[in-house]
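Residue numbers (my numbering), protein chains in the order written: chain W, 1 to 135; chain U, 1 to 138.
Hints listed in this document are in silico derivations from the structure and should not be mistaken for laboratory results.
Some clues are possibly wrong.
From the derived model, a few chain W residues whose C-beta atoms are all more than 12 angstroms from chain U [stated by the list, open to error]:
hint : residue
1    : D49
2    : D50
3    : D85
4    : L100
Cut-off 20 angstroms, straight-line C-alpha distance, at most; resulting in silico cross-link-like pairs (DMTMM-like, lysine to aspartate or glutamate) [as the list claims (entries may be wrong)]:
hint : chain 1 : residue 1 : chain 2 : residue 2
5    : U       : K83       : W       : D50
6    : U       : K83       : U       : E57
7    : U       : K74       : W       : D49
8    : W       : K135      : W       : E125
9    : W       : K16       : U       : E57
Some chain U residues close to chain W (C-beta under 7 angstroms, calculated; not the full set) [to be verified]:
hint : residue
10   : E19
11   : C21
12   : P48
13   : I79
14   : R110
Every value quoted in this text rests on a predicted model; they were computed, and no experiment measured them.
We put the CB at the ideal spot given by N, CA and C, even for glycine.
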Amino acid sequence: MDKGKVVVLPCSGIGKAYGEIGRQAVYELVEDLRPEEATTTCLARLVIDDPEAKALVNDNIVITMDGCTQDCARKCVESTGKKVDSSLRVIEAFKDNRGLKPEGILELGEPGFKLVHNLAQRLSEEVDCLVRKEK
Amino acid sequence: MLEIVKPIKVGIIPCNGEEICEGTLTRFASRKVLDKLRPDSTVTICLPLFIAGEKGERNFAKTFPTITVDGCNKRCSQISTEKLSGRPRFSIVVSDVLKEHGVAPPESRRTLGSKDQPAVDCVADEIAGRVDEILKSG
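Could you put together the complete structure from these sequences and hints?
This is the structure we're talking about:
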């Protein structure tokens, strides 16, 4: 288990591209930008009260990345009793970058991936800030 | 008197597991069914909406006959759907389907390439077959 890391959870919504953009931004963060500092787990494991996933979330700093205003990822984390340390929404980033329209729901294309990179960068800044605060 | 019969839609609920390649596969296979194989007879819902959503969303599995699609044997989608919405008509586990058909799972959880297409097709065909069974039985 990745104890001591910032846990970043995307909603991975399946109905719109926002869910895939958030998911890809989290992968970029945990695999490329901050592999030593950040990790992720399956959000659905929290829905089934999986003890290992719950412990990971409860013992660490948590950031949620939701696609839309339903805030599914944040609400799922908070349903375990843990308050998230930070929560971001893809739709807000999209409002600031309306030109970056994804091509499809899972096939984001170049504009969609530009938004992914922006969000991943934003996430890495958030990780750095929360880690600094924790020290 | 004419009886108006509502067309039946089947709900597909993938687990979307972020940790594993098979979780990514649940997304691609489900979207293939929703967009290409059975676009007129399928709908979907984001799994965490069972917690975050309202009564309408929680009633999803009571409104539609459902198929859950899980990446692994933890069966998060099946268990959540049973617990929070209603019993799914069929439950598919991607790792089992791939093993049964001798198809290799994807190597990356992040992105699927052309060499992963057989795995996507295999799981999508399994889901579409179950959709047809539900539609046939009503």
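Each hint, compared with the structure:
1. Here D49 (chain W) does not stay apart from chain U, with its beta-carbon only about 9 angstroms from theirs, under the 12 angstroms limit.
2. The claim that D50 (chain W) lies off the interface is violated: its Cβ sits roughly 7 angstroms from the closest Cβ of chain U, which falls inside the 12 angstroms cut-off.
3. Listed as a non-interface residue, D85 (chain W) keeps its Cβ farther than 12 angstroms from every Cβ of chain U; the least gap is roughly 19 angstroms.
4. The beta carbon of L100 (chain W) sits about 19 angstroms from the closest Cβ of chain U, which is more than 12 angstroms, so the claim that it is off the interface holds.
5. Taking the CA atoms of K83 (chain U) and D50 (chain W), the gap is near 14 angstroms; set against the 20 angstroms cutoff, the hint holds.
6. The hinted pair formed by K83 (chain U) and E57 (chain U) meets the criterion: a straight-line CA distance of about 13 angstroms does not exceed 20 angstroms.
7. For the proposed pair K74 (chain U) and D49 (chain W), the alpha carbon gap of about 11 angstroms is at most 20 angstroms, so the pair holds.
8. At roughly 16 angstroms between alpha-carbon atoms, K135 (chain W) and E125 (chain W) fall within 20 angstroms of each other, so this suggested pair holds.
9. For a cut-off of 20 angstroms, the pair hint linking K16 (chain W) to E57 (chain U) stands: about 16 angstroms separates their Cα positions.
10. Interface restraint check for E19 (chain U): the shortest CB-CB distance to chain W comes to about 5 angstroms, inside 7 angstroms, so the restraint holds.
11. With its C-beta approaching chain W no nearer than about 12 angstroms, C21 (chain U) sits outside the 7 angstroms limit, and its interface hint is violated.
12. Given the 7 angstroms rule on beta carbons, the hint for P48 (chain U) holds: about 4 angstroms separates it from the nearest Cβ of chain W.
13. At its closest, the beta carbon of I79 (chain U) sits 5 angstroms from a beta carbon of chain W; the interface hint therefore holds under the 7 angstroms criterion.
14. About 5 angstroms separates the beta-carbon of R110 (chain U) from the nearest beta-carbon of chain W, less than 7 angstroms, and the hint is met.
Hints 1, 2, 11, counting from the list given before, are not met by this structure.
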